[in-house]
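Heads up: the sequence lines are chains A and B, in that order.
Using the numbering used here, read the first sequence as starting at 1 and increasing by one per residue.
Using the numbering used here, read the second sequence as starting at 1 and increasing by one per residue.
Please keep in mind that the hints were generated in silico from the structure rather than gathered at the bench.
Be aware that one or more of the hints could be misleading.
Stated by the list, open to error - If you want a taste of the chain A side facing chain B, the calculated C-beta under 10 Å gives, among others: (1) Leu42; (2) Gly106; (3) Asp110; (4) Lys150; (5) Gln153.
We put the beta carbon where it would ideally sit given N, CA and C, even for glycine.
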Amino acid sequence: MEWVATWVFLTHKWGPSVPKTTKARYPTKPLEGWKHCKELRLQHYKAFITARDEGKAIFTGSGDGSQILVHALHDSLFLSGEPYGASIGGDPAASDAFSEACEARGFARDLDSYMRNYLGSMYLDRYYFGGPFPRPDFVFSFHVCDTHFKWYQIVAEHFNVPTFGIDIPVSGRLSDRRESRQEYLASQIYDGIEWLEKTTHRRFDDERFIQVLHNLTETESLWGQICIQNQAIPAPLDQRALFTLYFPGFMLFYQPETPAFYRELLDEVKQRVKDGIAAWPYERARILHDSQPPWHWMKVFRIMEQYGGVSVGSQYAFCGGCSFDVDDQGVWHAPKTIKERGIVLQSREDAVRFLAEWEVGRLMFSVFCGNADDKNRQFLQMVKQWHCDGVMFHLNRGCEGVAQLQLENRLAMIEAGIPVGSFEGNMADHREFDEAQTIDRIESFMESLGLTKLELA
Amino acid sequence: MVLKEKLVMDRFAEVVKNRHDYAREWKQRTGGRVMGYFCTYMPEEILIAAGMMPVRILGSHEPQDVTERHIYSMFCPFCRDCLAQGLKGRFEYLDGIGMAHTCLHIRQAYSSWVLHVPTKQNFSYYISMPAKPQSPRARPFLIKELEAFKKAVEEWIGRPVTNKDLDKGIEVMNTNRRLMRQIYELRKADKPLVTGTECMQMVCASQCMDKEEHNKLLAEFIKNELPKRTGRDAGTRLMIIGSEDDDTEFLAMAESLGATVVADDHCTGSRYFWNEAPKSEDRIAAIADRYIAKVPCPEKDWEERRRWTHISKLVDEYKVQGALMIQQKFCDPHEFDIPPLMKMLKEKKNVPSLFLEFDVTVPVGQFRTRVEAFLETMQLEM
Ligand code: SF4
Ligand code: SF4
Chain A
1 MEWVATWVFL
11 THKWGPSVPK
21 TTKARYPTKP
31 LEGWKHCKEL
41 RLQHYKAFIT
51 ARDEGKAIFT
61 GSGDGSQILV
71 HALHDSLFLS
81 GEPYGASIGG
91 DPAASDAFSE
101 ACEARGFARD
111 LDSYMRNYLG
121 SMYLDRYYFG
131 GPFPRPDFVF
141 SFHVCDTHFK
151 WYQIVAEHFN
161 VPTFGIDIPV
171 SGRLSDRRES
181 RQEYLASQIY
191 DGIEWLEKTT
201 HRRFDDERFI
211 QVLHNLTETE
221 SLWGQICIQN
231 QAIPAPLDQR
241 ALFTLYFPGF
251 MLFYQPETPA
261 FYRELLDEVK
271 QRVKDGIAAW
281 PYERARILHD
291 SQPPWHWMKV
301 FRIMEQYGGV
311 SVGSQYAFCG
321 GCSFDVDDQG
331 VWHAPKTIKE
341 RGIVLQSRED
351 AVRFLAEWEV
361 GRLMFSVFCG
371 NADDKNRQFL
381 QMVKQWHCDG
391 VMFHLNRGCE
401 GVAQLQLENR
411 LAMIEAGIPV
421 GSFEGNMADH
431 REFDEAQTID
441 RIESFMESLG
451 LTKLELA
Chain B
1 MVLKEKLVMD
11 RFAEVVKNRH
21 DYAREWKQRT
31 GGRVMGYFCT
41 YMPEEILIAA
51 GMMPVRILGS
61 HEPQDVTERH
71 IYSMFCPFCR
81 DCLAQGLKGR
91 FEYLDGIGMA
101 HTCLHIRQAY
111 SSWVLHVPTK
121 QNFSYYISMP
131 AKPQSPRARP
141 FLIKELEAFK
151 KAVEEWIGRP
161 VTNKDLDKGI
171 EVMNTNRRLM
181 RQIYELRKAD
191 KPLVTGTECM
201 QMVCASQCMD
211 KEEHNKLLAE
221 FIKNELPKRT
231 GRDAGTRLMI
241 IGSEDDDTEF
251 LAMAESLGAT
261 VVADDHCTGS
271 RYFWNEAPKS
281 EDRIAAIADR
291 YIAKVPCPEK
301 DWEERRRWTH
311 ISKLVDEYKV
321 QGALMIQQKF
331 CDPHEFDIPP
341 LMKMLKEKKN
351 VPSLFLEFDV
361 TVPVGQFRTR
371 VEAFLETMQL
381 EM
């Protein structure tokens, strides 16, 4: 455990030199946009219950990008697997039933826990938000994580529905041979469009496609600005809030309500910064989190808070919701919208080119590149810009995609003199979680930062 | 290494066992460069064209604790075993290291290798091998990737890799593939002339020795030793399918129980060498075609399941009666494919399967009991 000693040593350099106090240092108040955000999420999931009666086509696939093209068709809904699996993951009883149903069909317990929740719900024909599982008409998915298309291959076979996948090419570094990767992706996007039209017998509406892209970049830009506001001390938002608030940006960017919601949210967050309103009034140390949280045990953040530690963000919450623009000095800025970039999209060709460029450059994809350097740099930059005192790694057995390279990132942080802590868990399978050990690990980490437990009323 | 007086198959086993001595001797003898690679999508043709000896990074099946700081324990033991070899300095003679994009477990072994295991000439390269070779768009993209790779190699060695060089690289690789297939053909017979264990040694040897020398040994085996062989009672005809597996000890055990492994679908077996690069004026395109059409790893087998077609064909041609599903612990690509594959084999081919999960070390005694029970059940049903 030589790194424990390293933390203690480094605390002198990095640890916050604040007096130990149990007095609130900052005012706080609930976030007004919170309720609206939850409503948007619920509306999205409820829409699948009535989709068939309303003549809508249901698509399913991975993540966020997959649905960009789908929404250029009229009357389409997209069930994205990961957020759906995460919703189930927050409910241990449901997650038990669903993952066991998946495992009973021979799938290993160590596979992606979002996927096991989703597949179990499909096999049991039980939709977590009520009624039977929303039978997809089509599978259409981007593929960047090894799990992506292998997951939807199983879904397509189960329902015997047509399927199409688009390979997002990654290479050793995000910057390597970018033009050629863009070209490859663009050519597949054209194939995807052709497939969509032929298979669904619906018109691919280029105007709508361009509009979706405008919404996408506007949403991402606003989300980036919201994240940047969290660089303020005290942080106006904590990690739990970020994980909830990023949902509309991740899943609902195609609808105009989303940028409208984020505009309001940005105003509210800016006001909080101006007024010094904290997410946690006892903020004494700022922690960068890595990976998705254990949705069934969001208390991890509460444990940090008991010591005055606030988790102010993560690559997952920041970059899952938007791809930041990085300047020559490596500084992250909220991404510019299409208009702000001075780009005019007039045709399908313009739009496809733009989308390919946007997707290939996503900072989030650094983790899939087969090289730890990109993400190490991102970590250092996040620590710097968000004024973090340490990094807490959730070694997440539920997501092989995001867990890859975590230990190399951890080593890089140690080398840079940044205190690190870690706990093991699983984002959406509570069976792989040891509560007592997790508390112990987080508490030790907070103590290594020189913090003592607050005496809260 | 004194190899001359041994039989070819023993020589292969010897090289695999002493692969590092072999590589060091090769370097001394030829003055050439040795390039390490992970997974079987590395276009070895280009490396051979550049006068190098490509060697695949494989593990050593020993318990180790050197990778704990680098790769989280949720990733497959094979990728950790591979990295351990680098961290322990066993590949200290490598001049460069590379890989072509495949599963995310082994990608981490590569990433950590680049960060922590110095190579003699500090060369590392990652080829963006498409994850969807089934897309018609994959070919032109891979051609560009291979051209970029060739250029990087040329810069490294300080001379151009000519068409003549590429012809040689392709020819050496294709000959190797052709000869190994010829030997695999022998397994179709009622009394197979080679065992599964020998075939695995042969393929592993191909992955860690000079291909031209390997070719010579293969030709020698076919010409001088094969005619003297009489074949063996096949017993139950088995196929092994699954993750990376170079555990010859396990295979020898299975073949000592009244069974013969007559076919395989794994990457130290047929997946490595099954298809050849076609003839073409555009050599790089020919190499790309070969890797696009390669028997896929599950990670690259979508939307269509082309592995199923290949495996079914092997089952028919090699008269397979039972399948051993060998999966490295935590190997996601195969974890996705194994349940539907076992179902397909049972329902469409009437081939039962036994699932076995492998770790760095294999509990041979325990597996022996399971394989015995499997064979017994099969005999009752046959
Ligand atoms: S990144 Fe994680 S959650 Fe997403 S598909 Fe891959 S394994 Fe699953
Ligand atoms: S395919 Fe399986 S065995 Fe091979 S490196 Fe990947 S996870 Fe490991």
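Hint check:
1. Using the Cβ-Cβ criterion of 10 Å, the hint placing Leu42(A) at the interface with chain B is not satisfied: the shortest such distance is roughly 31 Å.
2. A cut of 10 Å between beta carbons decides the hint on Gly106(A): the least distance to chain B is about 3 Å, and the hint holds.
3. A least Cβ separation of about 5 Å between Asp110(A) and chain B falls short of the 10 Å threshold, and the interface hint therefore holds.
4. Taken as an interface hint, Lys150(A) checks out: its beta carbon lies about 4 Å from the nearest beta carbon of chain B, inside 10 Å.
5. About 5 Å separates the beta-carbon of Gln153(A) from the nearest beta-carbon of chain B, less than 10 Å, and the hint is met.
Consistency note: the structure conflicts with earlier hint 1 alone.
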